[in-house]
Amino acid sequence: MKSYKELTRRYLLNQKKRSVLALIGIVLSVALICSAGIMGESLQNMEKENIKQSYGNYHVWYSGVEESQLKLLQGNIKVDAMGSFIPAAIYRPAVGQSALIMGCDKVLAEMSYLKLSSGEFPQEDDEIAMEQWLLDNMKSKPAIGDKISIEIKVVTNQMAETEEELSNRKITKEFVLSGILKNKSSSQFGGGSMAIVTLQTAKKIMDYPNIKYMSALRFKDKVPAQKTIKEIAEILGKKGKDINENSAVLALSGQSNRSSVNNAILIVELIMVLVILVTTVAVIYNVFHISVIERIHQFGILRSVGTTPEQIRRIVLGEALILSFVGLPLGILCGIVAVEGVIGTFALMSANTLFGGLHIIISAKVLILSVILGLVTVLASAYGPAVMAGRVSPLEAILNSAKLNKDKIKKRKHPILQKIFGIEGIMAYENLKRNKKRFFITVFSMCIGIALFIFFSSFMKSMTTVSSGNFSKNYAIDKPMTADTAGYSPKDYEEVAGIKGVKTVYRTRMQNVKTLLTNEQAADSFKNFVKGKGQKLHSKYEGKDYFSFEGELYGLRESELQLCKDAVSRGSIQPEKMDLENGVLVYQKAKFDNDHDRVRVSDLKVGDEISIITKGQNKPQKMKVVGILDNMPLSTNTVWEKFKIVTTEKVWKKVTGEDQFSRFDIELEETADREAVKRQLESIQKRVPDSRLLDFTEVSDQMWEIQISVILYGLVFVISVIGALNIINTISTNLILRTREFGTLRAVGMTPGQMNKMIRLEGIFYGIIATVYGGIAGIGLARLLYSYLNKLKEFTWSFPWESLIIGGLGAMLIGLLATAIPLRRISRMDVVEAVRAEE
Amino acid sequence: MEVLKTINLTKTYGTGNARVEALKDANISIKQGEFVAVVGPSGSGKSTMLHLLGGLDRPTSGSVIIDGKDIYSLSEKERSIFRRRKVGFVFQFYNLIPVLSAEENITLPLLLDNKEIDKAYIEDLIGLLGLKGRKEHLPNELSGGQQQRVSIGRALAYKPSIVFADEPTGNLDSKNGREVMELMRLSVQKYHQTLVVITHDLDIASQADRIIRIEDGMIVRDEAVRA
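Just so you know, the protein sequences line up as chains Z and Y, in that order. The first sequence begins at 3 in the working numbering and counts up one residue at a time. The second sequence begins at -2 in the working numbering and counts up one residue at a time.
Treat each hint with caution, since some may be false.
Straight line, CA to CA, 25 Å or less: simulated DSS-like cross-link-like pairs of lysine-lysine [unchecked claim]:
| no. | chain 1 | residue 1 | chain 2 | residue 2 |
| --- | --- | --- | --- | --- |
| 1 | Y | K83 | Z | K435 |
| 2 | Z | K759 | Y | K172 |
| 3 | Z | K759 | Y | K74 |
| 4 | Y | K132 | Z | K421 |
Computed list of chain Z residues with no C-beta within reach of chain Y, every gap over 10 Å [said to hold, decoys possible]:
| no. | residue |
| --- | --- |
| 5 | K143 |
| 6 | I303 |
| 7 | E342 |
| 8 | M429 |
| 9 | E432 |
| 10 | K438 |
| 11 | I501 |
| 12 | Q662 |
| 13 | V679 |
| 14 | V833 |
No wet-lab data here; the hints were simulated from the structure. Values in this document were obtained by computation on a predicted structure and should not be read as measured data. By construction, the Cβ of each residue, glycine as well, lies at the ideal position given by its N, Cα and C atoms.
Please build the complete structure, drawing on both the sequences and the hints.
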């Protein structure tokens, strides 16, 4: 032995099992930190890509650029790429739908991520490429190479003209379809789309002198964007609205304020890493704390032969350092493998979801940060125990009184515990609480596991509610929200329900109605809103003053009404009774515009009467409130939340005098031929002008949920494993410290079975206690999430019993399993040796 | 009446050159109500014999018969229950369970059996041991003498036929030692039990009915001091 430091290595080797345990803890934690970092960075990068894709991969575009100036821009040293376009005309295939026909060059197509599903970009005059869904809406169903003749309105002044001016420049133009652009869901849902032609064709359509360009520029990396935008504006002689910054993309490169999305991701990541770090500290601290306690006698002897406290600290910290050198690279490797494996699998599952397009980025920055964080964590966790080891007084250690005094035992009575679990239960429970600090550390990591589990389950549940409502659907067809067109007929319904492969059709009848509330019925928040907005929401009917505003009247069958059952907070759904007395369920909140939060509109109670005026009538009709809805479980056509009145189909038909449907949500059989169903739905949908077919299969919510679940629950799993490590540690330590006690128990006649029961109970009790504390924390977090999300959309708070019970059972199981290793040692225990063991 | 008998009881440790015979062919017979002192130098095999008699260890060969039953033919569980009900142990270092109160430590063998506690008997026992005011105390709140009295209580709680004590006074001062010894004697007399004590203390040995002397694992003397 060359130096006292050699002791470090010998101690590590001497306590192989404990070293391995500590090593597993370090590896898991570093793997978690590292994979969280990689995921975070990759997601952030994807977010950037997404922003570039939706906003275009350029920093600025200038309008009204002269042809002669184009070369100037292209040649600029700070410019990485320049693409030009000319808005040429507007094409309106139907009310509420419009496509901009614009001339653009290849660079712009690349910058705007325009992708073809088939064919080619226009190269020759009069060639055109259009989005798929625009073509779908055409009667002639053109194929590539076909001629299409469409009526377009020519733009002259770079899109600044009014509708009226446009109408005066209607021409019919013939194009040759050269390619089909991939649908962008944003344009599909928003009703705005684009078709592209060459710059030359655009100029020909517009047919007037000195046509100006719009030019988009992407700067080279590290060019100060804001400054360059101004410089180039000066060269071009542009000011004000001719300069259009792509602020979303500028924000990405840190050239303007960080977007709130990025901040949110960053905060979530920080919290994750913090949780992981805290868990790591707990387990590593525990390992070292215990290994020091076990060696107090030895440290005392070292002290008595002249080792300084500092040297002892170095021995312990040296152990931590050696473990880190082994654990850190392993942890990083595991982290990378985990991310690659999980995401790779997800990408294979489907290309169409969150991770399908995720490109994994493993940067040196993340790896180095993980190493540093890991190292700091390990050393920080080992520091406390190292100091403790240094403080051991030689005498105390040799007499070995130190650890006995550490256990401050208090006595309490547990009649119930005794009844249920017998004496083994009491002893198990008392043993837990012998050492407060060790107990706390052990339970702590499990608490985090449970709290996260409950929080994540609530999170997943609310995500599901947001994305899919209370029922599953693959397609929906609906009539436009604004149009007062008739909607679908009962015959259409029969037809939809009869399509082969359709499992369920949820049908909705809806009409916008004028809702009248008396002054007493209107909620104070609504009155304040009206006052503050200065909105005129008052009317007089039959001599009485009312608040009047637009609401939605729904007519539902009993089966759809039952979907609302869980959302009814007061009153009840009794269709027969509703039929008789014009009974309605009301959802009393509404959002009136973009600038205001949702307001509570009314304070209606079950039994109140409200008046509504349906379309084409001027006499109010009385409806009786039979129930209050806390949310609207059915999908609706509207963007804003509106005041909703839900009644039976019979009442709906009576008060509106109509017999149409506004929306069908369609759930398919597993085996359905999706394309065939889609085609038939399309043909039905087209009968109603301006209606839409919504395809939810493309969004693939379920896949997304599964993948997010795997990641979140994966994290819970790893943290639970760390929690289990902690319990294994504590229980095996207790075993070592209590050898004599166990021996005595056996000597006075405890059977091996009873001893197993006692130790197993100890593990289970850890689980129970962790459930109590972790449950409180998790439910608190879930409640916070709920109040946050509730600002965005109405949610019903449901107490997370399910996850609490699952989490609790899981924790108990982990506690139980964690005792398996120590139990093996106990079963090998020699009673005689144990009884005589030196304290 | 014979309560305990050993037949060629032998215990060896290790093999080959390292083989140590801790106990060799011990044949003893102990009658009910007898007070037996086992004496001998350290390492002579006293404790080994005591552990074998009490069913804590396993003999290499030979058998121990208590109340007509060969205790090493029992399963581990049966032997545990046997220890709980038929045998009481008193150790030099008390070996109390630190999380249990004095009273709970005493009643532990009964609690392990989920047996209804004979309150009158336990009260009587606690009174006899002078622990009346200490029932609720935890071991670390008791003096050494008190702790040893608790462990005697534990050994007697199940009214076992035999009590084994391994140097019960070895860790106590002479005054406490005398008291403890006196208590053990009184209680076994009161409840008609057999007492086997390992001791170095000649004073204690002189009080016994019978003294067994062991040297190098062999019984070298076994004689009744009084009848």
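We went through each hint and held it up to the structure:
Of the pairs offered as hints, the one joining Y/K83 and Z/K435 is violated, with about 33 Å between alpha carbons and a cut-off of 25 Å exceeded. Of the pairs offered as hints, the one joining Z/K759 and Y/K172 is violated, with about 41 Å between alpha carbons and a cut-off of 25 Å exceeded. Between Z/K759 and Y/K74 the alpha-carbon distance is near 13 Å, which keeps this suggested pair within the 25 Å criterion. Proximity of Y/K132 to Z/K421 is assessed by CA-CA distance (about 21 Å); at most 25 Å being required, the pair is judged to hold.
Against the 10 Å criterion, Z/K143 stays outside the reach of chain Y, whose nearest CB is about 83 Å from its own CB. Z/I303, annotated as away from the interface, keeps every beta carbon of chain Y farther than 10 Å; the closest lies near 21 Å. Residue-level check passed: Z/E342 sits 49 Å from the nearest beta carbon of chain Y, beyond 10 Å. The claim that Z/M429 lies off the interface is violated: its Cβ sits roughly 6 Å from the closest Cβ of chain Y, which falls inside the 10 Å cut-off.
Taking the minimum C-beta to C-beta distance to chain Y, about 4 Å, the non-interface status of Z/E432 is violated against the 10 Å cut. No Cβ of chain Y comes within 10 Å of the Cβ of Z/K438; the nearest lies about 14 Å off, and the non-interface call holds. The beta carbon of Z/I501 is kept farther than 10 Å from every beta carbon of chain Y, the shortest such distance being approximately 68 Å. The beta carbon of Z/Q662 sits about 74 Å from the closest Cβ of chain Y, which is more than 10 Å, so the claim that it is off the interface holds.
The Cβ of Z/V679 sits about 67 Å from the closest Cβ of chain Y, beyond the 10 Å cut-off, so the non-interface label holds. Distance check for Z/V833 against chain Y: the nearest CB is about 5 Å away, which does not clear 10 Å, and the non-interface claim fails.
Comparing the model with each earlier hint shows violations of hints 1, 2, 8, 9, 14; every other hint is respected.
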